[in-house]
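Undergrad: Sequence:
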Amino acid sequence: MENIIQKVKDEIKDMVTTAIENSVKEGLMNIEVIPEIEIEEPKEKQHGDLAINTAMVIAKQAKMPPKKIAEIIVSKVDPSNTFIEKIEIAGPGFINFFLKDKFLEETLKLVYERGKDYGRVNIGNGKKVQVEFVSANPTGPMHMGNARGGALGDALAAVLDYAGYDVTREFYINDAGNQIEKFGYSLEARYLQLLGIPAEVPEGGYQGEDIIDRAREFLEIYGDKYKDVPSEVRRKALIDYGLKKNLEKIKEDLALYGIEYDVWFSEQSLYDSGEVYKV
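Under my numbering, residues 32 to 310 are what the sequence shown spells out, in order.
One should not assume that every hint holds.
[To be verified] DSS-like cross-link-like pairs, simulated, lysine-lysine; straight-line CA separation at most 25 Å:
| # | residue 1 | residue 2 |
| --- | --- | --- |
| 1 | Lys-91 | Lys-44 |
| 2 | Lys-133 | Lys-40 |
| 3 | Lys-147 | Lys-76 |
| 4 | Lys-38 | Lys-133 |
| 5 | Lys-99 | Lys-117 |
| 6 | Lys-133 | Lys-44 |
| 7 | Lys-76 | Lys-94 |
| 8 | Lys-213 | Lys-256 |
| 9 | Lys-158 | Lys-76 |
| 10 | Lys-91 | Lys-56 |
| 11 | Lys-131 | Lys-74 |
| 12 | Lys-117 | Lys-98 |
| 13 | Lys-98 | Lys-76 |
| 14 | Lys-133 | Lys-147 |
| 15 | Lys-74 | Lys-147 |
[Unchecked claim] Label pairs and their in silico Cβ distance ranges:
| # | residue 1 | residue 2 | range |
| --- | --- | --- | --- |
| 16 | Pro-172 | Tyr-253 | 19 to 27 Å |
| 17 | Gln-37 | Lys-117 | 16 to 24 Å |
| 18 | Thr-48 | Arg-145 | 25 to 33 Å |
These are calculated hints, taken from the structure and not from any lab test. Even glycine gets a Cβ: it sits at the ideal position worked out from N, Cα and C.
Given these sequences and hints, build the entire structure.
TA: Now the structure itself:
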(Lines of atoms letter the chains of each structure in order from A; the text may use other names.)
(Lines give C-alpha, C1' and ligand atoms only; values in the text may rest on other atoms or scores of the structure.)
Protein backbone atom coordinates (compact mmCIF):
# COMPACT_ATOMS: atom_id res chain seq x y z
CA MET A 32 0.00 0.00 0.00
CA GLU A 33 1.00 3.60 -0.35
CA ASN A 34 2.79 4.88 2.75
CA ILE A 35 2.37 8.65 2.75
CA ILE A 36 4.72 9.42 5.63
CA GLN A 37 7.44 7.27 4.05
CA LYS A 38 6.85 9.10 0.78
CA VAL A 39 7.44 12.43 2.57
CA LYS A 40 10.61 11.11 4.22
CA ASP A 41 11.93 9.89 0.87
CA GLU A 42 11.19 13.31 -0.63
CA ILE A 43 13.13 15.02 2.18
CA LYS A 44 16.09 12.68 1.70
CA ASP A 45 16.12 13.33 -2.05
CA MET A 46 15.78 17.11 -1.63
CA VAL A 47 18.51 17.37 1.00
CA THR A 48 20.88 15.10 -0.92
CA THR A 49 20.34 17.14 -4.10
CA ALA A 50 20.81 20.39 -2.16
CA ILE A 51 24.15 19.20 -0.77
CA GLU A 52 25.31 17.96 -4.18
CA ASN A 53 24.46 21.32 -5.80
CA SER A 54 26.13 23.23 -2.97
CA VAL A 55 29.32 21.24 -3.46
CA LYS A 56 29.23 21.87 -7.22
CA GLU A 57 28.82 25.60 -6.61
CA GLY A 58 31.69 25.64 -4.13
CA LEU A 59 29.50 26.61 -1.18
CA MET A 60 30.81 23.66 0.85
CA ASN A 61 33.40 20.96 0.41
CA ILE A 62 32.57 17.38 1.35
CA GLU A 63 33.49 14.09 -0.29
CA VAL A 64 30.87 11.75 1.16
CA ILE A 65 27.21 12.57 1.69
CA PRO A 66 26.01 10.58 4.70
CA GLU A 67 22.70 8.74 4.97
CA ILE A 68 20.02 11.31 5.78
CA GLU A 69 18.52 10.28 9.13
CA ILE A 70 15.00 11.63 9.70
CA GLU A 71 13.50 11.90 13.17
CA GLU A 72 10.05 12.78 14.47
CA PRO A 73 10.52 15.55 17.08
CA LYS A 74 8.93 15.03 20.50
CA GLU A 75 7.83 18.66 20.70
CA LYS A 76 5.43 20.11 18.14
CA GLN A 77 7.27 23.45 17.91
CA HIS A 78 10.19 21.57 16.38
CA GLY A 79 8.12 20.49 13.40
CA ASP A 80 6.77 17.17 12.18
CA LEU A 81 10.09 15.83 10.90
CA ALA A 82 13.69 16.88 11.48
CA ILE A 83 17.25 16.10 10.40
CA ASN A 84 20.66 16.77 11.96
CA THR A 85 22.58 16.35 8.71
CA ALA A 86 24.28 19.74 9.01
CA MET A 87 25.88 18.70 12.30
CA VAL A 88 26.88 15.31 10.89
CA ILE A 89 28.84 16.82 7.99
CA ALA A 90 30.18 19.89 9.84
CA LYS A 91 33.55 18.30 10.64
CA GLN A 92 33.98 17.04 7.09
CA ALA A 93 32.99 20.42 5.61
CA LYS A 94 34.99 22.36 8.22
CA MET A 95 32.11 24.78 8.63
CA PRO A 96 29.70 25.70 11.45
CA PRO A 97 26.67 23.39 11.29
CA LYS A 98 24.24 26.30 11.38
CA LYS A 99 25.88 27.80 8.28
CA ILE A 100 25.64 24.44 6.53
CA ALA A 101 21.95 24.23 7.49
CA GLU A 102 21.35 27.68 5.99
CA ILE A 103 23.00 26.62 2.72
CA ILE A 104 20.99 23.39 2.54
CA VAL A 105 17.67 25.16 3.22
CA SER A 106 18.44 27.79 0.57
CA LYS A 107 18.87 25.03 -2.00
CA VAL A 108 15.80 22.96 -1.06
CA ASP A 109 12.67 23.35 -3.18
CA PRO A 110 9.63 22.03 -1.26
CA SER A 111 7.11 22.98 -3.92
CA ASN A 112 4.82 20.16 -5.03
CA THR A 113 5.41 18.32 -1.75
CA PHE A 114 3.55 18.02 1.55
CA ILE A 115 6.07 20.37 3.21
CA GLU A 116 4.65 23.75 4.24
CA LYS A 117 7.76 25.35 5.73
CA ILE A 118 11.34 24.61 6.78
CA GLU A 119 13.07 26.12 9.81
CA ILE A 120 16.57 26.00 11.27
CA ALA A 121 16.78 25.47 15.02
CA GLY A 122 19.49 25.28 17.66
CA PRO A 123 23.01 24.51 16.46
CA GLY A 124 21.86 23.32 13.05
CA PHE A 125 18.74 21.17 13.16
CA ILE A 126 16.52 21.45 10.09
CA ASN A 127 12.83 21.11 10.96
CA PHE A 128 10.10 20.36 8.46
CA PHE A 129 6.45 21.33 8.99
CA LEU A 130 3.81 19.49 6.95
CA LYS A 131 0.74 20.93 5.25
CA ASP A 132 -2.79 20.13 6.39
CA LYS A 133 -3.11 18.37 3.05
CA PHE A 134 -0.88 15.63 4.46
CA LEU A 135 -3.54 14.80 7.05
CA GLU A 136 -6.31 15.09 4.47
CA GLU A 137 -4.61 12.63 2.13
CA THR A 138 -3.84 10.25 4.99
CA LEU A 139 -7.47 10.20 6.16
CA LYS A 140 -8.62 9.72 2.59
CA LEU A 141 -6.32 6.72 2.22
CA VAL A 142 -7.52 5.25 5.53
CA TYR A 143 -11.12 5.54 4.31
CA GLU A 144 -10.33 3.98 0.94
CA ARG A 145 -8.32 1.05 2.31
CA GLY A 146 -10.54 0.35 5.31
CA LYS A 147 -9.28 -2.58 7.39
CA ASP A 148 -6.41 -3.11 4.94
CA TYR A 149 -4.90 0.29 5.73
CA GLY A 150 -1.39 -0.21 7.05
CA ARG A 151 -0.66 -3.45 5.22
CA VAL A 152 2.86 -3.76 3.84
CA ASN A 153 4.83 -6.70 2.46
CA ILE A 154 7.97 -6.71 4.58
CA GLY A 155 7.50 -10.40 5.38
CA ASN A 156 6.94 -11.43 1.76
CA GLY A 157 4.87 -14.44 2.81
CA LYS A 158 7.46 -15.89 5.21
CA LYS A 159 5.85 -18.31 7.66
CA VAL A 160 5.78 -17.22 11.32
CA GLN A 161 4.26 -19.07 14.25
CA VAL A 162 3.10 -17.04 17.26
CA GLU A 163 2.39 -19.22 20.30
CA PHE A 164 0.74 -17.34 23.14
CA VAL A 165 -1.40 -17.71 26.28
CA SER A 166 -1.08 -21.54 26.39
CA ALA A 167 -2.63 -21.50 29.86
CA ASN A 168 -2.66 -24.74 31.83
CA PRO A 169 -6.00 -26.43 31.08
CA THR A 170 -6.25 -27.56 34.70
CA GLY A 171 -8.31 -24.50 35.61
CA PRO A 172 -9.63 -21.12 34.47
CA MET A 173 -7.43 -18.45 32.94
CA HIS A 174 -5.95 -15.76 35.19
CA MET A 175 -5.19 -12.10 34.45
CA GLY A 176 -1.64 -12.89 33.34
CA ASN A 177 -3.04 -15.24 30.70
CA ALA A 178 -5.51 -12.57 29.59
CA ARG A 179 -2.72 -10.01 29.26
CA GLY A 180 -0.65 -12.49 27.25
CA GLY A 181 -3.62 -13.02 24.98
CA ALA A 182 -3.91 -9.33 24.15
CA LEU A 183 -0.16 -8.96 23.59
CA GLY A 184 0.21 -12.14 21.56
CA ASP A 185 -2.76 -11.44 19.33
CA ALA A 186 -1.57 -7.86 18.75
CA LEU A 187 1.89 -9.12 17.75
CA ALA A 188 0.34 -11.68 15.40
CA ALA A 189 -1.84 -8.97 13.83
CA VAL A 190 1.16 -6.69 13.29
CA LEU A 191 3.12 -9.50 11.63
CA ASP A 192 0.10 -10.35 9.48
CA TYR A 193 -0.20 -6.73 8.33
CA ALA A 194 3.54 -6.71 7.62
CA GLY A 195 3.11 -9.46 5.05
CA TYR A 196 4.02 -12.56 7.05
CA ASP A 197 2.05 -15.81 6.82
CA VAL A 198 1.07 -16.00 10.49
CA THR A 199 -0.16 -19.03 12.41
CA ARG A 200 -1.60 -18.44 15.88
CA GLU A 201 -1.04 -21.43 18.14
CA PHE A 202 -2.28 -22.40 21.59
CA TYR A 203 0.00 -25.07 23.05
CA ILE A 204 -2.14 -27.24 25.33
CA ASN A 205 -0.16 -28.37 28.38
CA ASP A 206 -2.14 -31.58 28.78
CA ALA A 207 0.72 -33.84 29.84
CA GLY A 208 3.05 -34.10 32.79
CA ASN A 209 2.89 -33.66 36.53
CA GLN A 210 0.17 -30.98 36.57
CA ILE A 211 -2.22 -33.31 34.75
CA GLU A 212 -1.55 -36.09 37.25
CA LYS A 213 -2.36 -33.68 40.10
CA PHE A 214 -5.45 -32.58 38.19
CA GLY A 215 -6.65 -36.18 37.97
CA TYR A 216 -6.04 -36.98 41.64
CA SER A 217 -7.75 -33.72 42.69
CA LEU A 218 -10.83 -34.45 40.58
CA GLU A 219 -10.93 -38.01 41.84
CA ALA A 220 -10.90 -36.87 45.48
CA ARG A 221 -13.75 -34.42 44.90
CA TYR A 222 -15.77 -37.00 42.95
CA LEU A 223 -15.44 -39.58 45.72
CA GLN A 224 -16.29 -36.97 48.36
CA LEU A 225 -19.49 -36.13 46.48
CA LEU A 226 -20.32 -39.84 46.57
CA GLY A 227 -19.89 -39.80 50.34
CA ILE A 228 -16.59 -41.66 50.24
CA PRO A 229 -13.75 -40.22 52.38
CA ALA A 230 -10.94 -38.88 50.17
CA GLU A 231 -8.30 -36.17 50.41
CA VAL A 232 -6.95 -33.85 47.75
CA PRO A 233 -3.25 -34.76 47.58
CA GLU A 234 -0.55 -32.38 48.77
CA GLY A 235 0.16 -29.90 46.00
CA GLY A 236 -3.15 -30.73 44.34
CA TYR A 237 -5.76 -28.29 43.08
CA GLN A 238 -8.01 -26.90 45.82
CA GLY A 239 -10.11 -24.45 43.78
CA GLU A 240 -13.89 -24.36 43.57
CA ASP A 241 -13.59 -25.07 39.85
CA ILE A 242 -12.36 -28.60 40.66
CA ILE A 243 -15.45 -29.22 42.79
CA ASP A 244 -17.65 -27.85 40.00
CA ARG A 245 -16.08 -30.20 37.43
CA ALA A 246 -16.44 -33.20 39.75
CA ARG A 247 -20.09 -32.32 40.39
CA GLU A 248 -20.80 -31.98 36.65
CA PHE A 249 -19.13 -35.34 36.06
CA LEU A 250 -21.28 -36.92 38.78
CA GLU A 251 -24.46 -35.45 37.28
CA ILE A 252 -23.60 -37.01 33.92
CA TYR A 253 -22.17 -40.39 34.94
CA GLY A 254 -23.55 -40.91 38.45
CA ASP A 255 -21.68 -43.61 40.37
CA LYS A 256 -20.51 -45.39 37.21
CA TYR A 257 -16.87 -44.79 38.14
CA LYS A 258 -17.27 -45.47 41.87
CA ASP A 259 -15.91 -49.02 41.92
CA VAL A 260 -13.58 -49.02 38.90
CA PRO A 261 -9.78 -48.99 39.27
CA SER A 262 -8.40 -45.59 40.28
CA GLU A 263 -6.46 -45.11 37.03
CA VAL A 264 -9.63 -45.71 34.98
CA ARG A 265 -11.58 -43.25 37.12
CA ARG A 266 -8.87 -40.60 36.90
CA LYS A 267 -8.57 -41.02 33.13
CA ALA A 268 -12.30 -40.42 32.69
CA LEU A 269 -12.23 -37.41 35.02
CA ILE A 270 -9.18 -35.91 33.29
CA ASP A 271 -10.69 -36.33 29.82
CA TYR A 272 -13.90 -34.65 30.95
CA GLY A 273 -12.18 -31.89 32.95
CA LEU A 274 -9.72 -30.96 30.21
CA LYS A 275 -12.49 -30.84 27.60
CA LYS A 276 -14.67 -28.55 29.73
CA ASN A 277 -11.78 -26.30 30.77
CA LEU A 278 -10.60 -25.86 27.19
CA GLU A 279 -14.13 -24.98 26.14
CA LYS A 280 -14.16 -22.30 28.85
CA ILE A 281 -10.73 -20.98 27.84
CA LYS A 282 -11.86 -20.71 24.21
CA GLU A 283 -15.03 -18.95 25.32
CA ASP A 284 -13.10 -16.43 27.45
CA LEU A 285 -10.60 -15.71 24.68
CA ALA A 286 -13.41 -15.22 22.17
CA LEU A 287 -14.90 -12.53 24.42
CA TYR A 288 -12.09 -10.22 23.35
CA GLY A 289 -11.74 -11.44 19.80
CA ILE A 290 -8.91 -13.97 20.08
CA GLU A 291 -9.06 -17.03 17.85
CA TYR A 292 -6.38 -19.60 17.03
CA ASP A 293 -5.42 -21.46 13.89
CA VAL A 294 -3.94 -24.38 15.84
CA TRP A 295 -4.70 -25.94 19.22
CA PHE A 296 -1.73 -28.27 19.71
CA SER A 297 -1.82 -30.99 22.37
CA GLU A 298 1.38 -31.76 24.26
CA GLN A 299 -0.02 -35.23 24.98
CA SER A 300 -0.16 -35.91 21.24
CA LEU A 301 3.64 -35.87 21.18
CA TYR A 302 3.68 -38.73 23.68
CA ASP A 303 0.85 -40.63 21.98
CA SER A 304 2.65 -40.48 18.62
CA GLY A 305 5.99 -41.47 20.12
CA GLU A 306 7.72 -38.31 18.90
CA VAL A 307 8.99 -37.44 22.40
CA TYR A 308 10.67 -40.82 22.74
CA LYS A 309 12.28 -40.51 19.31
CA VAL A 310 13.96 -37.30 20.44
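Undergrad: Tell me, in ascending order, the numbers of any earlier hints that this structure violates.
TA: 3, 7, 9, 15
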